[in-house]
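Whenever a hint applies, use it, and build me the whole structure from the sequences.
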Amino acid sequence: MKNDNEEIMALSHLVKASTNEMMKLNASLQESEQRYKSLFDHNPDLIYSMDLAGVITSVNASLTRLLGYRQQEVLKTSAITYVLEADQLSVINCFNQTIHERPQSFTAKLFHKKGYTLEFCITNLPIIVNGEVVGVYGIGKNVTKQKEAEEKIAHLAFHDLLTGLPNRNLFEQHLDKCLRKTVEAGEKTAVIFIDLDQFKMVNESLGHQAGDQFLKYAAKQMKKRIGRQSMLSRYAGDEFMLVINGLSGAEEAGRISRKLSEALAVPLSYHGQEFVLTASMGISIYPDDGLTSDVLIKNAGFALHRAKEKGRGEWEFFKGEMNEFKVERLTMESFLRHAISKDELSLYFQPQISLDDGKVIALEALVRWNHPRLGIVSPGLFIPLAEETGLIGHIGRWVLNEACRQLKKWHETINSELSISVNVSGRQFQKLDFVYEVKEALQRSKIDPRFLHLELTESMMVENVQYGINIMRELKELGIKISIDDFGTGYSSLSYLKDFPIDILKIDQSFIRNLSKSDHNSTDAAIVRAIITMCKGLSVTALAEGVETKQQLLVLKDYGCDHVQGFFIGKPVCAAEVENLFHTYHTKSS
0 MKNDNEEIMA LSHLVKASTN EMMKLNASLQ ESEQRYKSLF DHNPDLIYSM
50 DLAGVITSVN ASLTRLLGYR QQEVLKTSAI TYVLEADQLS VINCFNQTIH
100 ERPQSFTAKL FHKKGYTLEF CITNLPIIVN GEVVGVYGIG KNVTKQKEAE
150 EKIAHLAFHD LLTGLPNRNL FEQHLDKCLR KTVEAGEKTA VIFIDLDQFK
200 MVNESLGHQA GDQFLKYAAK QMKKRIGRQS MLSRYAGDEF MLVINGLSGA
250 EEAGRISRKL SEALAVPLSY HGQEFVLTAS MGISIYPDDG LTSDVLIKNA
300 GFALHRAKEK GRGEWEFFKG EMNEFKVERL TMESFLRHAI SKDELSLYFQ
350 PQISLDDGKV IALEALVRWN HPRLGIVSPG LFIPLAEETG LIGHIGRWVL
400 NEACRQLKKW HETINSELSI SVNVSGRQFQ KLDFVYEVKE ALQRSKIDPR
450 FLHLELTESM MVENVQYGIN IMRELKELGI KISIDDFGTG YSSLSYLKDF
500 PIDILKIDQS FIRNLSKSDH NSTDAAIVRA IITMCKGLSV TALAEGVETK
550 QQLLVLKDYG CDHVQGFFIG KPVCAAEVEN LFHTYHTKSS
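With the first letter of the sequence shown counted as 1, position 436 gets the number 435 in numbering that gives the first Met the number 0; the numbers rise by one all the way through.
Take the hints with a grain of salt, since some may be wrong.
[Stated by the list, open to error] As a list, the in silico DSSO-like pairs of lysine-lysine whose alpha-carbon atoms are at most 27 angstroms apart:
id: 1; residue 1: Lys151; residue 2: Lys407
id: 2; residue 1: Lys307; residue 2: Lys199
id: 3; residue 1: Lys535; residue 2: Lys358
id: 4; residue 1: Lys516; residue 2: Lys144
id: 5; residue 1: Lys258; residue 2: Lys199
id: 6; residue 1: Lys556; residue 2: Lys151
id: 7; residue 1: Lys176; residue 2: Lys199
[Stated by the list, open to error] Using C-beta positions, here's what the derived DEER-type ranges look like:
id: 8; residue 1: Val294; residue 2: Ser340; range: 29 to 37 angstroms
id: 9; residue 1: Ala525; residue 2: Leu431; range: 53 to 61 angstroms
id: 10; residue 1: His41; residue 2: Tyr269; range: 34 to 42 angstroms
FYI, nobody ran anything at the bench for these hints, they're computed from the structure. By construction, the Cβ of each residue, glycine as well, lies at the ideal position given by its N, Cα and C atoms.
Given below as structure tokens:
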């Protein structure tokens, strides 16, 4: 009897312990369920579940908010019906992969209840119960605005914002393709370099808005006179470039040049006045005048120079003899080779300010050349020449060392937190010892590396993406900051940007010029906002260059731009004037 009671007592304790364990387990399950429900219900991204047939079994509140459907309208319907037809096949393939326990990520456009589509980045995850897949979870992030911004910016890689024409990048790619086809067909290809006459006078007398109207009109008129086998592009400023393939002979290029002149001769009415445009043109022919796109463009430029010497509205074929323009370039090259040793180069500095407090945070170093015979030579002339001849490596190294040396001096006399920004050329960046040159400049000047900003152009970076990324990482390891210059004017793949280890993105001045306080819906405004938004998403500083008016400054501040530079902020000044400029700005902002 005693044994029976002991057994009953032991059994009672066992049952009580089991009950306690069950209660703890139930409490744990309830807590897990509540955590899951909270994650499901309050997630800002849409979440839904499907059975193995792709039928929706549950949705969260974000899905109904983002797509406009009520929960009852969506449940027990096929998920594929909400997907744009063009995306359905890839979505189905991803679903099939997921039910075989292979999670998938993809983008797709989903229908809003009102009929329009939104783009989502969706991740499919298998629902596994007792070791078996019983359904699929879908988690979707709305990327519509991001994609729209990317598409707008990506379009700029190949088209001129003002005229809508192909830009330099697209033109040069098209010319390369034309030359390959011409070789196969045994025909000729013409390159016509077009420069509007006295356009600078239009800008100076009537203003940049008038200049923009003239450029758009010229593009429109010339486009009417070219055939399907031609491409007209806005090459730079008031320069246009035309490629014509499938020519039987050079005389056909001459006829087209006359047609372009006739098209421009149609009067343009501006503010009640009539203006007639003229253009000078230089023509080079493949294969007579060159076998590569670079040579053909260069020779068309030589011919253009000869045409301009003849007067307005003239056109000229390239001729092989050494012309005066070539002689001038050879003379300038000879002088440039001795510019450093003869102490003819100097640095000017343009301030960059923070829009938070209006104080100068950095100076961009700009090289200037003052030759005793040629006088002040425009950087637009000698920098391309230095690039072409390989002298840019020596000049770039001098600029880097001089900028660092000067910064060290200012750290000791003006402000220990001031940064210096130095432009890096394509050839300089491609040199195998470039990183060593930077390291050497830092060691020689003894400046803190974080105060050195190196400016790289976007076109430079996409020529060899992986090489560029590797070099930038090496530079970042030194502690310096990386800036991408002229953003938006030639970027061939926006997707690369997120992989570049950059600190600063400079918005090109061509997008800043027409910013207006009264017009926030212009294309320029939309692009600038998109770039600034993208910078914030990438944790990159947005710096707008070319700020020339107070209105532009206020608009950029409204848009959340971080830093600005331009003539309104301050023109480039010599080193001796920097201290005055610095004190003036900091007194004004304090």
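Given hint Lys199 paired with Lys258 - CA-CA distance at most 27 angstroms
holds (24 angstroms)
His41 and Tyr269, beta-carbon distance inside 34 to 42 angstroms?
Taking Cβ atoms as reference, His41 and Tyr269 lie about 58 angstroms apart, which means the hint is violated.
Please work out if Lys556 and Lys151 have their alpha carbons no farther apart than 27 angstroms.
Judged against 27 angstroms, a Cα distance of about 22 angstroms means the pair holds.
Is the straight-line distance between the alpha-carbon of Lys151 and that of Lys407 27 angstroms or less?
violated (41 angstroms)
Does the beta carbon distance between Ala525 and Leu431 stay inside 53 to 61 angstroms, or does it fall outside?
violated (42 angstroms)
For a C-alpha distance cap of 27 angstroms, please report whether Lys176 and Lys199 respect it.
violated (33 angstroms)
For the pair supplied as a hint, Lys516 and Lys144, confirm whether the alpha-carbon distance does not exceed 27 angstroms.
holds (23 angstroms)
Mind checking the alpha carbons of Lys535 and Lys358 for me, to see if they're no more than 27 angstroms apart?
holds (21 angstroms)
So the hint says 29 to 37 angstroms: do the beta-carbon atoms of Val294 and Ser340 match that?
holds (31 angstroms)
With the threshold set at 27 angstroms, check whether the alpha-carbon distance from Lys307 to Lys199 stays at or below it.
holds (14 angstroms)
In terms of the numbered hints stated before, the structure departs from hints 1, 7, 9, 10, listed from lowest to highest.
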